[in-house]
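As given, the protein sequences belong to chains X and E, one line each in that order. For the first sequence, this note's numbering begins at 1 and goes up steadily by one. For the second sequence, this note's numbering begins at 1001 and goes up steadily by one.
Note that these hints are calculated values from the structure, not bench results. A couple of the hints might just be wrong.
[Said to hold, decoys possible] Here chain X is said to cover these stretches of chain E; the calculated rule only asks that three of the stretch's residues, wherever they fall, bring their Cβ under 8 Å from a Cβ of chain X:
1. 1011-1022
2. 1161-1167
[To be verified] If you want a taste of the chain E side facing chain X, the calculated C-beta under 7 Å gives, among others:
3. Q1008
4. E1054
5. L1070
6. E1099
7. P1100
8. R1113
Ideal placement from N, C-alpha and C gives every residue a C-beta, glycine not left out.
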Amino acid sequence: MASNTSSEEVVIPVEPVTATDTTDASNADIPDYLKMSAMEHDQAVEHMKQDIEKEVSKQHLVGDIEPTSVLKTVYANDDSVYQAKIQEIEKNYSKIRRIRQDGNCFFRSFGFSLMEQLLANKSEIDKIKPSLTAVKTDLIGKFGYPDMTVEDFYDNFIEVLDKLKEEETDIEYLLKTYQDSGLSDYMVCFMRLIVSVQLQRNAEFYLNFISSKYPTIKSFLSEEVEPMYVESDHLHIDGLSTCLNIRIIVQYMDRGMKVQEHKFQEGSPINVTINLLYRPGHYDILYA
Amino acid sequence: MASKGLDQGALLLKKQLADLQRSSVDGFSAGLVDDNNLFVWEVLIVGPPDTLYEGGFFKAHLNFPKEFPLKPPKMKFISNIWHPNVYADGEVCISILHEPGEDKFGYEKASERWSPVHTVESVVLSVISMLSDPNPESAANIVAAKEVRDSPAEFKRHVRKCVRQSQDNL
Chain X
1 MASNTSSEEV
11 VIPVEPVTAT
21 DTTDASNADI
31 PDYLKMSAME
41 HDQAVEHMKQ
51 DIEKEVSKQH
61 LVGDIEPTSV
71 LKTVYANDDS
81 VYQAKIQEIE
91 KNYSKIRRIR
101 QDGNCFFRSF
111 GFSLMEQLLA
121 NKSEIDKIKP
131 SLTAVKTDLI
141 GKFGYPDMTV
151 EDFYDNFIEV
161 LDKLKEEETD
171 IEYLLKTYQD
181 SGLSDYMVCF
191 MRLIVSVQLQ
201 RNAEFYLNFI
211 SSKYPTIKSF
221 LSEEVEPMYV
231 ESDHLHIDGL
241 STCLNIRIIV
251 QYMDRGMKVQ
261 EHKFQEGSPI
271 NVTINLLYRP
281 GHYDILYA
Chain E
1001 MASKGLDQGA
1011 LLLKKQLADL
1021 QRSSVDGFSA
1031 GLVDDNNLFV
1041 WEVLIVGPPD
1051 TLYEGGFFKA
1061 HLNFPKEFPL
1071 KPPKMKFISN
1081 IWHPNVYADG
1091 EVCISILHEP
1101 GEDKFGYEKA
1111 SERWSPVHTV
1121 ESVVLSVISM
1131 LSDPNPESAA
1141 NIVAAKEVRD
1151 SPAEFKRHVR
1161 KCVRQSQDNL
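Start from the sequences and build out the full structure, keeping to the hints where you can.
In structure tokens form, the structure reads like this:
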């Protein structure tokens, strides 16, 4: 990039420093945020982040079922693009369950919707378990993850799945479990690891879709998949859906022309379909 | 239902502590500062062989947040230690102790970040490897970082002083 720098140019002195005494004179025109020191700036950003976190933590981790029309109140009346799209979605999905917007929403939506359907369809539970066990085995045996933590997340997930088989388990149990941040977040941790395993097993394939700022699958996983609160993208959905062979249908609602539908693992023999609504930066669960 | 709730972090720490004390890991030992509080640990790190820190015994505290393991612990050396990635107050600054998005430290994208799957062992082992392999690019102690680059002899003198001190304080 410095190909035009010849050896003569090196001796040319840098521009004379003339701006030394301008700082005080023009101070009045500088907006407040530019007068901050780096540390003050960091603190301001930190405060803002804390305010947002506080606001978000008031939302239920997993909400109750509501009519899809509730979304109309979220957008301005004259927001014709979104109002029209909500109507379009309502035709096929009359109900919605809203999930906390904390960066884990895709995983929490998937996990809850999966288990809610398994509760009504208990015979499918054992079809999913082998892939979950293989995830644990590969993480520890093949990819060298610590058994201590992996087993903790796995056990928690399986314990809830097994509970779904019991006659007396009802939706209240599932709601309570997913609204308990300790249990709910542990479930998210494990689902993040499922994506991680799927991407590591097929690293060469998935690398094709990863930004070149990540030289390896591991660096992508460490930054974008395994940590909590980082948002999900197409790859996360594909990884989870493929690894467990669970059908996912996402309705994409953004500023584009119309609602787009994306299907994952469409031909899965497992009698479960996760229906999700995507709005930029967020996922919720849809119901017919 | 067996509600684990917020105790999950405590349970995990308890298991890890028992595990570390049962089968010790080369290079460090771990215990609680106060037996009633699982969220503050003291570790004693042995200066890694064939490094400037060889022969030293460095005490550090690990402070776990109530959201552990979702959020990372903080680690702070109690013993005096001279290292580019340790602040003057002893706080350790390495990527594994930070969540993604905390980019003000200027880590490379490829560096390992905190995720719930990490254990106390993996954190302390990363710190030990930091002792063997300082990263002057994301410096917490700028003077030490400059010494590593420009005056290794001076850096060595400072480190060896800490090593002797750590032996005296043992």
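Hints versus structure:
no.	hint	result
1	1011-1022	holds (count 4)
2	1161-1167	violated (count 0)
3	Q1008	holds (4 Å)
4	E1054	violated (27 Å)
5	L1070	holds (5 Å)
6	E1099	holds (6 Å)
7	P1100	holds (5 Å)
8	R1113	holds (5 Å)
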